[in-house]
Amino acid sequence: MTIKSDLIEVNIGPQHPSTHGVFRMVALIDGERIVDVKMVVGYLHRSMEKLAEERTYTQNIPFTDRMDYLAAMTSNLGYCLSVEKLAGIDVPERAQVLRVIFAELQRIASHCMATGAFINDCGAWQTPVMYTFRDREKVLDLFEMTCGARITTNYMRIGGVAFDIPDEFLPALDKLVNDDLPYRFEEYDRLLVGNEIILMRARDVGVVTPEMAINASLSGPMLRSAGIAWDLRKADPYCGYDQYEFDIPVGYNGDAYDRMVLRIEEMKQSLRIIRQAMHALPSGPHKTEVPLAIRPPAGEAYSRIESPKGEIGFYVVSDGGAAPYRWHVRAPSLINLSVLKEMTVGQTIADAIVTLGSIDINVGEVDR
Amino acid sequence: MSALLTIISRNWYDIRDLSNLSNAILERIRDAGGPGWLVYVVSALLGAGGIVAFIGGAAIINIWIERRVVGRMQSRLGPNRLGPFGLLQPIADAIKLMQKEVLQPRVADALVFSVAPIAFTVPGIVVLAVLPWGRNMTLADLDVGVVFILAMSSLAALAVFTGGYGSNNKYALFGAMRVIAMLVTYEIPSVLALLGLVLFTGTMNLASIVLFQEKYWLPLVLVQPLPFLIYFISSSAELNRTPADLAEAESEIAGGYHVEYSGMKFGLFYAAELINCVAISAIMATVFLGGWWTYKLDEIVPGWMLFIGKIYAVYFLFVWTRGTLPRFRIDQLLAFAWKWMTPMAFINIVVVAAEVLIWTETGWSAGLLLPVYVAVNGAFAVALIVGWVRFMGPKFSRFPDRPRFYSGIDVPSLPAYRQPAPEATGIGTAPSSTGVA
Numbered sequence: 001m002t003i004k005s006d007l008i009e010v011n012i013g014p015q016h017p018s019t020h021g022v023f024r025m026v027a028l029i030d031g032e033r034i035v036d037v038k039m040v041v042g043y044l045h046r047s048m049e050k051l052a053e054e055r056t057y058t059q060n061i062p063f064t065d066r067m068d069y070l071a072a073m074t075s076n077l078g079y080c081l082s083v084e085k086l087a088g089i090d091v092p093e094r095a096q097v098l099r100v101i102f103a104e105l106q107r108i109a110s111h112c113m114a115t116g117a118f119i120n121d122c123g124a125w126q127t128p129v130m131y132t133f134r135d136r137e138k139v140l141d142l143f144e145m146t147c148g149a150r151i152t153t154n155y156m157r158i159g160g161v162a163f164d165i166p167d168e169f170l171p172a173l174d175k176l177v178n179d180d181l182p183y184r185f186e187e188y189d190r191l192l193v194g195n196e197i198i199l200m201r202a203r204d205v206g207v208v209t210p211e212m213a214i215n216a217s218l219s220g221p222m223l224r225s226a227g228i229a230w231d232l233r234k235a236d237p238y239c240g241y242d243q244y245e246f247d248i249p250v251g252y253n254g255d256a257y258d259r260m261v262l263r264i265e266e267m268k269q270s271l272r273i274i275r276q277a278m279h280a281l282p283s284g285p286h287k288t289e290v291p292l293a294i295r296p297p298a299g300e301a302y303s304r305i306e307s308p309k310g311e312i313g314f315y316v317v318s319d320g321g322a323a324p325y326r327w328h329v330r331a332p333s334l335i336n337l338s339v340l341k342e343m344t345v346g347q348t349i350a351d352a353i354v355t356l357g358s359i360d361i362n363v364g365e366v367d368r
Numbered sequence: 001m002s003a004l005l006t007i008i009s010r011n012w013y014d015i016r017d018l019s020n021l022s023n024a025i026l027e028r029i030r031d032a033g034g035p036g037w038l039v040y041v042v043s044a045l046l047g048a049g050g051i052v053a054f055i056g057g058a059a060i061i062n063i064w065i066e067r068r069v070v071g072r073m074q075s076r077l078g079p080n081r082l083g084p085f086g087l088l089q090p091i092a093d094a095i096k097l098m099q100k101e102v103l104q105p106r107v108a109d110a111l112v113f114s115v116a117p118i119a120f121t122v123p124g125i126v127v128l129a130v131l132p133w134g135r136n137m138t139l140a141d142l143d144v145g146v147v148f149i150l151a152m153s154s155l156a157a158l159a160v161f162t163g164g165y166g167s168n169n170k171y172a173l174f175g176a177m178r179v180i181a182m183l184v185t186y187e188i189p190s191v192l193a194l195l196g197l198v199l200f201t202g203t204m205n206l207a208s209i210v211l212f213q214e215k216y217w218l219p220l221v222l223v224q225p226l227p228f229l230i231y232f233i234s235s236s237a238e239l240n241r242t243p244a245d246l247a248e249a250e251s252e253i254a255g256g257y258h259v260e261y262s263g264m265k266f267g268l269f270y271a272a273e274l275i276n277c278v279a280i281s282a283i284m285a286t287v288f289l290g291g292w293w294t295y296k297l298d299e300i301v302p303g304w305m306l307f308i309g310k311i312y313a314v315y316f317l318f319v320w321t322r323g324t325l326p327r328f329r330i331d332q333l334l335a336f337a338w339k340w341m342t343p344m345a346f347i348n349i350v351v352v353a354a355e356v357l358i359w360t361e362t363g364w365s366a367g368l369l370l371p372v373y374v375a376v377n378g379a380f381a382v383a384l385i386v387g388w389v390r391f392m393g394p395k396f397s398r399f400p401d402r403p404r405f406y407s408g409i410d411v412p413s414l415p416a417y418r419q420p421a422p423e424a425t426g427i428g429t430a431p432s433s434t435g436v437a
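These protein sequences, in sequence, are chains A and B. Read in our numbering, the first sequence has 242 at position 242, and its numbers run on one by one without any break. Read in our numbering, the second sequence has 174 at position 174, and its numbers run on one by one without any break.
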């Protein structure tokens, strides 16, 4: 029996508790079921790519903080790598290892946020967010210790990192990665992995097939949850990632649950990398001296790294001047978001929220 | 000690039973030659005043309790600045809410919109009138008390529907639709759960149910563990509390039925949710945990204090589940009621009926039968739940819980993927009556 009903058009966002910022999703709804979804982005557009054409290469680094403000270190890193590639700058060994340590710490912080916010979207009443924030705070404490900032770190520089680590950093890091966080991640495992309610809510919700993932150029946990073992740290190593031993966790089904579990496993793998990097930390300069207003030779460069959200790429074109002629960012949040319609149509509103939470978008990066 | 108890016994300062105090006042009125009706009015006002005072205090203190307890569960402190231990924080919040402008959407149905918060608050208060607060402390000693509390506790859901429907907001409408679906579904297991108790005790009078527990020295939760669970879960669905807070579902429909409310109207919804929670906790404390009776303890400690203690013990369970569990989806929640709780409650009623029949037909003594029933029902509840999970539970074995690990990249070769052609849909156009434009 079918009941004749009118379709309702509902605006989910831009002001909504679960759209992770000012993302807007216009959903056409039949009862509780979604018939069609239209994505509206651009509420947080700050025109960074255009503004960058007026500023020197070094002055552009803070823009990358404010794109993915939950993973500022990796955005910094991706941009600096592209300029270094363009200008042909060598980076000292110590800076390489420091970059790895901070990028992996940032991955832990970002995945903590993603996991907690995802369970919150599943309807838990703030508890998982508080638990994961507690651990994220500890990582941010280390950032503050090193560069003075917690969120918008502005730490990576062209040719290295801005500051060397202080003396108390390594003991604090050792305590964090060997005592605090492993215990916490085991706790996440006990509480979240295999939890019946989370399985009911997230299994077979927002499924990404491998074909869909490759066709839409997805990356990060979205791609790996679909069963494709692809990680730029392995596929196109940068900063000496080929020297570290770690595994790529890969899901089976490509649903929201797989993505949540993958993030927890990736945090554990990040701990492995940090432990190896800590012991491999060489002495020496933390930065190659480069002129403040660096003028790379005319040309273009694209470099990509594995950010917590996926493949973040920076395309820089130089005309020989002090500012980039053109600067483009391949934002993983935006590209991962592009399959939202295929993932949500046919599901209920509650599933759409869970799906959106599992993509782990950051609207600062989507709109730039 | 006992000598002291004998001295104060049944005097007005014997606070073990507050009816002594009210009786003293009523006798004073009678002695002074007051008219007959005045005694009734004064006794009714005394009881009602007591209950309203309790519920007003509880609404304030419960906000504090909820925030502090959940704060501890979330490894943070909770409000601790204003007053001792932050106790004055709810009062500050209430003052803030009163100062706020009460906005009302122009398209809302003004009468329905305004009545809903009040209609939501009243049932929770009224329920407390029929509960026995002490041996002689029942304001309205209804013979059909169980029916009354069931009727009243479903009225609250109707008020939620009224508010959601009257707001003329899509999110509020979703909340209203969900609350009606949940009301229709969860009323059945909660009625069936209490029906088992009524069968077992043979009375619908709540004071008599407590007296039954006193007589046989047995809180009914021991002999009826399954209805305790069923009633707890279904009333948490009726109360809109996590994991069944689908009507407000902040992360999905942004507050649901109260999305358009502001100021003290919202404050009433917020307070009434806690009042209704206290009412449900009080019902459970009465029928399952023995109410004011606690073995011999109620001869020393005032029974109403024990009762309030039990209310807060049950209330803690509600706060605990709220701080712990994620939310169900609406279809899962309804399926849970129809596939799990309703059949279990039916099976339980059959078992209870058989037990009552054995008790009355054989005439064996309660001291012999009740311990057997406690053991049998406990084992039966565990077996039923485990069996139901085994045979009816959700099956997740299709995919492993854990991911696999690759030490290098591995991209499978896939057939060429063709994206389906985009379909014409109705977004941006007014929905026509035939569906997609």
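Since the hints were derived computationally from the structure, they do not count as laboratory data. Even for Gly, the Cβ is constructed at its ideal location relative to N, Cα and C. Some clues are possibly wrong.
[Stated by the list, open to error] With the C-beta cut set under 8 Å, the calculated list includes, among others, these residues of chain B facing chain A:
hint	residue
1	Ala254
2	Lys296
3	Arg327
4	Phe328
5	Pro403
[Claimed, not checked] As a list, the in silico DSS-like pairs of lysine-lysine whose alpha-carbon atoms are at most 25 Å apart:
hint	chain 1	residue 1	chain 2	residue 2
6	A	Lys38	A	Lys175
7	A	Lys4	B	Lys170
8	A	Lys175	A	Lys138
9	B	Lys215	B	Lys296
10	B	Lys296	A	Lys38
11	A	Lys268	A	Lys234
12	A	Lys341	B	Lys215
13	B	Lys100	B	Lys170
14	A	Lys138	A	Lys268
field: Violations among the numbered hints
entry: Hint check: 2, 6, 10, 12 fail, others pass.
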